[in-house]
Amino acid sequence: MTKKALKYNEAIAEVEKIISEIEDNETDLDELASKLKRAAELLNFCKAKLRSTEEEIQKIIEDFQTDQ
Amino acid sequence: MSVEGKITLLELNNLVKESINQNLSTSYWVIAEIAEIKEHSSGHCYLELVYKDKETENIKAKARATIWNYTYRMLKPYFETATGQSLVNGLTILVNVQVVFHEFFGYSLNILDIDPTYTIGEIELRRRETINKLIADGVYEMNKEVEIDDVPKRIAIISSENAAGYQDFRKQLSNNPYGYVFSVTLFPAIMQGDEAENSIINQLGNIYSQINNFDVVIIVRGGGSQTDLSCFDSYELASNVAQFPLPVITGIGHDKDTSVTDMVAHTSVKTPTAAAEFIIARFNDADTELYQVTEKISSIIKNLLDENLSTIQKYSQLLVLHSTKEISKYKLTLNTFVHRASKADLIILYNSNKLSNLGNALKKTPYGLKILKRNLELEIEKLKTIPNRLIKTEKNKVEFLSRTSEHLDPKNILHRGYSMTYSNNEIIKSSKQVKKNDVITTILSDGTVSSIINKTSN
Chain F
1 MTKKALKYNE AIAEVEKIIS EIEDNETDLD ELASKLKRAA ELLNFCKAKL
51 RSTEEEIQKI IEDFQTDQ
Chain H
69 MSVEGKITLL ELNNLVKESI NQNLSTSYWV IAEIAEIKEH SSGHCYLELV
119 YKDKETENIK AKARATIWNY TYRMLKPYFE TATGQSLVNG LTILVNVQVV
169 FHEFFGYSLN ILDIDPTYTI GEIELRRRET INKLIADGVY EMNKEVEIDD
219 VPKRIAIISS ENAAGYQDFR KQLSNNPYGY VFSVTLFPAI MQGDEAENSI
269 INQLGNIYSQ INNFDVVIIV RGGGSQTDLS CFDSYELASN VAQFPLPVIT
319 GIGHDKDTSV TDMVAHTSVK TPTAAAEFII ARFNDADTEL YQVTEKISSI
369 IKNLLDENLS TIQKYSQLLV LHSTKEISKY KLTLNTFVHR ASKADLIILY
419 NSNKLSNLGN ALKKTPYGLK ILKRNLELEI EKLKTIPNRL IKTEKNKVEF
469 LSRTSEHLDP KNILHRGYSM TYSNNEIIKS SKQVKKNDVI TTILSDGTVS
519 SIINKTSN
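Those sequence lines, one after another, are chains F and H.
The opening residue of the first sequence carries number 1 in the working numbering; numbering runs sequentially from there.
The opening residue of the second sequence carries number 69 in the working numbering; numbering runs sequentially from there.
If you are wondering where the hints come from, they were derived from the structure by calculation, not from laboratory data.
Since we're looking at a predicted model, the values are computed, not measured.
Some clues are possibly wrong.
[Stated by the list, open to error] To give a feel for the contact side, a few chain H residues facing chain F, derived at Cβ under 8 Å:
| no. | residue |
| --- | --- |
| 1 | T362 |
| 2 | S366 |
| 3 | N376 |
| 4 | L377 |
| 5 | I380 |
| 6 | Y383 |
| 7 | L387 |
| 8 | H390 |
| 9 | E394 |
| 10 | Y398 |
Cβ atoms here follow ideal geometry from the backbone N, Cα and C, with glycine treated the same way.
Full structure from sequences and hints, please.
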């Protein structure tokens, strides 16, 4: 797995691809675990990104609301 | 010259007085402009009334006039209430006068009554003229078109420092319930009377010289009398306000018609307090809008986050579902194999059991072997007898068969009177096989006969 900065949308797109591959029986058993692992990784990444974004936004909003 | 026929000045003045009393005994309604007016400490009011040439503005007539204190006490409030205007220089009035001639003080007018409706008309006329002039100048709407800041924080205020109205304004601003802070700079001016006009215009000039420090100009007049507002109808002041590059808010505080300055101002309110309220309301509007925008952004962001979160959850579930399904599919296939493999095992087990049973049986019973041997010997004996029996049987069969075949030979049948009939090398078994004029061949025991069909019937 390349270590370039992952983007949220790319991660989601990759998860979608993996799901559709599994759905369409395009996945070998050998690959299933590694793909699942990759998908879980991506989803965790997305979740973390979402959470941190949410916190950041919350903070920004609070900041400029108390500024007034 | 003798003294006879000559009179003293006093006598003459008395004659004039007498003559006036006789000829001008009634009172007259007179239109005149006030050139000068003074209130004496005694309560009497002394005026100088003039008549000006309409075109040249030159004074063509002049008279002193007096309003005695007992009359003035009633006339002054009556006039001011009716016109919203006190008796000042330059005002044209309609007064009821009695001509008085005093031997010492000379000619003067004793004012008995005043008709304010005339002055109202005069003021209104002048206002109209001022308004028309401002419109003709193209400046009437100018200040209204100046854009006012959403949060006019830096305020230049023209007022008189000690005026109640100015204090009201400051108090209202600083007591705003939202805690907004304003920067207020006072430009003190005289707010009523003859000097007001120039004083206010001067301060507008001062504000203009540091215009970048301010967002809005407020002109408030502080409490006190409702009169002496004529300066706010002046062309010069109104014109200055109209053309001012900052929005001007007036809170001049009057009950009657709005002044021309109010008309040309960006916004006109009744009182200084209302002027402060206007500023606060603008702040609050901006604040509310900001809050709403914030709320909107928050909710959009929240929706976006929720949407993404539910996508992630959906995908997680899908992944679990699909991979579990996939795994169980593989498991099922595997189970089938295992099942089949275990069956094979059973067969092997069964067979090996059987085998070992047999082996055991063989080992355990030498007696069985003996039996087998005997059986084998018996079988061999049996086999030895088979050839003789087979030959005999075959012989019998051959005899039987030759006898049967003799019996079945067509020749023997033909000897007995039967015959066979052919047509086109096919044996005829049915009358339907032939028709009239067909050639048929009949085989008999000793030769053949050829014939032509004459007739067929079933």
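Quick rundown of the hints versus the structure:
no. : hint : result
1   : T362 : 6 Å, holds
2   : S366 : 6 Å, holds
3   : N376 : 5 Å, holds
4   : L377 : 6 Å, holds
5   : I380 : 5 Å, holds
6   : Y383 : 5 Å, holds
7   : L387 : 5 Å, holds
8   : H390 : 4 Å, holds
9   : E394 : 6 Å, holds
10  : Y398 : 5 Å, holds
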